[in-house]
Amino acid sequence: MSRPTLLALQILVAVICIVLWQVLSTVPVFGKILLPPFFFSNPFDVFSQIVKWFSSGVIWKHLGITLTESILAFVIGSAGGVLVGFWFARQPLVAAVFDPYVKMVNALPRVVLAPIFALWLGLGIWSKVALGVTLVFFIVFFNVYQGVKEVSRTVLDNGRMLGMSERQLMQHVYWPSALSWMFSSLHTSVGFAVVGAVVGEYLGSAAGLGYLIQQAEGVFDVAGVFAGMFVLSAFVILIDYGVTLVERRLLVWRPTASDGRG
Amino acid sequence: MTTPTAVALEDTKVAFRLGDGRVYTAVEKAHLAVAQGEFVAIVGPTGCGKSTLLNVAAGLLKPAAGSVGIFDQPLAGLNRDAGYLFQADALFPWKTALDNVAIGLEIKGTPRAEALPRAQQWLTSVGLGAFAGRYPHMLSGGQRKRVALAQVLIRDPKILLMDEPFGPLDAQTRQVMGNLLLELWNADRKAVLFVTHDLEEAIALADRVVIMSAGPSSRIIGDWRVSLPRPRDIFEVRLDKEFHALHREIWSVLKDEVMKGYAQSTHAAEAV
Ligand SMILES: Nc1ncnc2c1ncn2[C@@H]1O[C@H](COP(=O)(O)OP(=O)(O)OP(=O)(O)O)[C@@H](O)[C@H]1O
Ligand SMILES: [Mg+2]
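In the order they appear, the protein sequences are chains A and B. Residue numbers for the first sequence follow numbering that gives the first Met the number 0, so the first one is 0 and each next one is one higher. Residue numbers for the second sequence follow numbering that gives the first Met the number 0, so the first one is 0 and each next one is one higher.
You may find that some hints are simply not true.
[As the list claims (entries may be wrong)] Computed cross-link-like contacts, DSS-like style, restricted to lysine-lysine with a CA-CA straight-line distance of at most 27 angstroms: (1) Lys-28/B with Lys-107/B; (2) Lys-148/A with Lys-157/B; (3) Lys-61/B with Lys-28/B; (4) Lys-12/B with Lys-259/B; (5) Lys-94/B with Lys-107/B; (6) Lys-259/B with Lys-148/A.
The set of hints was computed from the structure by calculation and includes no laboratory data.
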């Protein structure tokens with residue numbers, strides 16, 4: 000299918016959904032409105048809410064806060080994951096000792112940590128960053144650990160035979176391998192950084208997209224909730240697109256499925 | 000007049016501990032000496048321990064018994080005089096062909112600005128000058144082998160260990176690569192230990208052909224000198240009468256081992 004047709008069809012889906020939503024929430028069918036405005040609002044109201052946010056400029060502050068929290072969570076979580084992942088992979092004893100605890104902490108649904116972080120770190124951005132960090136850390140950690148452990152035996156031996164010191168092996172073999180695994184999970188870890196930030200905001204804060212949605216919900220402003228969700232989706236899609244660009248730059252050496260070869 | 004011995008395996012035994020606690024003796028009492036400047040080919044049935052012997056000579060594997068001498072010094076740790084062309088893909092997948100070759104020099108502390116042009120020269124001499132910017136996955140199997148060859152040769156090792164370097168290639172490409180190898184080798188006559196399963200290739204390339212018996216506990220069961228004149232051309236040397244005589248002679252020994260090796264590996268598989 001050509002690109003324009005695909006795009007046209009994709010837009011068509013959105014248009015149909017929005018029209019259906021608008022019609023069903025305003026025009027009675029058999030004397031009944033199927034999507035009562037109180038619960039479902041309608042596209043027009045949602046759209047005007049979004050326009051209002053952007054034209055008055057209030058949204059920028061909230062977007063900025065959520066973005067800051069996400070970035071901090073991603074950076075801190077990744078740095079920690081890389082360090083600990085490397086450490087564990089190079090020290091099997093340490094990994095063996097900590098293994099059950101790592102599994103235990105990772106099994107914990109992170110949402111339950113939100114109140115604790117709020118208690119420890121206050122209602123500012125850091126409690127949200129902490130929540131995001133706990134999510135990002137484990138994804139990056141597991142991938143880096145795997146990446147270091149799964150370096151091909153032959154490639155490693157080759158490095159040794161070429162005369163690499165332990166430090167050079169680190170730089171030329173372990174590090175690139177670990178990074179490639181980490182980047183392959185970049186979409187997930189960036190996504191989780193945002194989830195951590197928004198959920199944290201939702202559960203208690205004074206700013207951010209999660210806060211915005213939670214506020215609207217608090218006063219049964221359904222249009223506000225939907226508007227917040229749409230802005231959030233657009234925000235995530237933009238970030239995801241950015242990640243794709245970064246990934247393309249960094250993983251040029253990787254064969255892709257479309258290469259048609261193993 | 001004595002030429003120094005580049006690689007000397009003396010009564011080398013290699014054993015692997017299997018997962019279930021049993022010990023598998025891959026190679027028993029291997030005795031092999033490669034003189035400086037000599038090209039020795041090892042031929043043997045699959046699974047007989049050819050790669051294992053190369054790993055021992057490289058210092059990647061410690062023999063269970065016997066000794067390994069490199070230029071008359073006992074080998075401890077890795078063999079720093081050797082360049083090793085692995086049987087499996089060993090290029091760094093995250094480096095371009097050029098960087099893969101240059102890394103051999105950069106490790107030694109050669110500045111990058113100096114290493115890159117020399118790497119480019121080596122790529123050109125293995126016929127890949129135009130492929131410098133490609134990553135390994137964008138190269139064919141034969142091209143990857145050639146990059147690996149350049150990667151090893153740029154360091155100018157005194158000993159060259161090659162494990163079926165032309166293994167995955169088609170017959171024509173093998174011959175082209177063989178001639179390329181002979182040409183490069185002729186320039187400075189390193190000691191070469193060359194593993195192959197192709198007897199014709201072994202005779203065409205080497206000064207000596209060594210035959211290993213089928214495993215387990217395989218041994219070196221034959222050692223023939225190839226006195227075909229050099230420089231050789233792989234295409235033409237195959238038409239030589241002496242080549243045929245030698246081929247027939249070695250094959251009569253090798254054939255039995257190949258059948259044995261095949262039978263043993265099927266039995267082993269049944270026993271498991
Ligand atoms: N790490 C290991 N543990 C146990 N057995 C091993 C190990 N490595 C090799 N072997 C066994 O040692 C024998 C020799 O292996 P090797 O790789 O040297 O064979 P080869 O002669 O190179 O065969 P091929 O021509 O197929 O490459 C084989 O039977 C193999 O199964
Ligand atoms: Mg082998």
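Lys-148/A and Lys-157/B: Cα distance at most 27 angstroms? violated, 32 angstroms
Decide if the proposed pair is consistent with the structure: Lys-28/B and Lys-107/B, CA atoms, cutoff 27 angstroms inclusive. Answer violated: Lys-28/B to Lys-107/B is near 36 angstroms, above 27 angstroms.
So if I understand the rule, the pair passes when the alpha-carbon distance is 27 angstroms or less; does Lys-61/B with Lys-28/B pass? Given pair Lys-61/B, Lys-28/B holds - Cα atoms ~14 angstroms apart, limit 27 angstroms.
When you check the alpha-carbon spacing of Lys-12/B and Lys-259/B, does it fall within 27 angstroms? holds, 21 angstroms
Satisfaction of hint between Lys-148/A and Lys-259/B, Cα-Cα up to 27 angstroms: Distance of about 38 angstroms is beyond 27 angstroms: violated.
Verify the proposed pairing of Lys-94/B with Lys-107/B, using a straight-line Cα cut of 27 angstroms. holds, 18 angstroms
In summary, the numbered hints that this structure violates are 1, 2 and 6.
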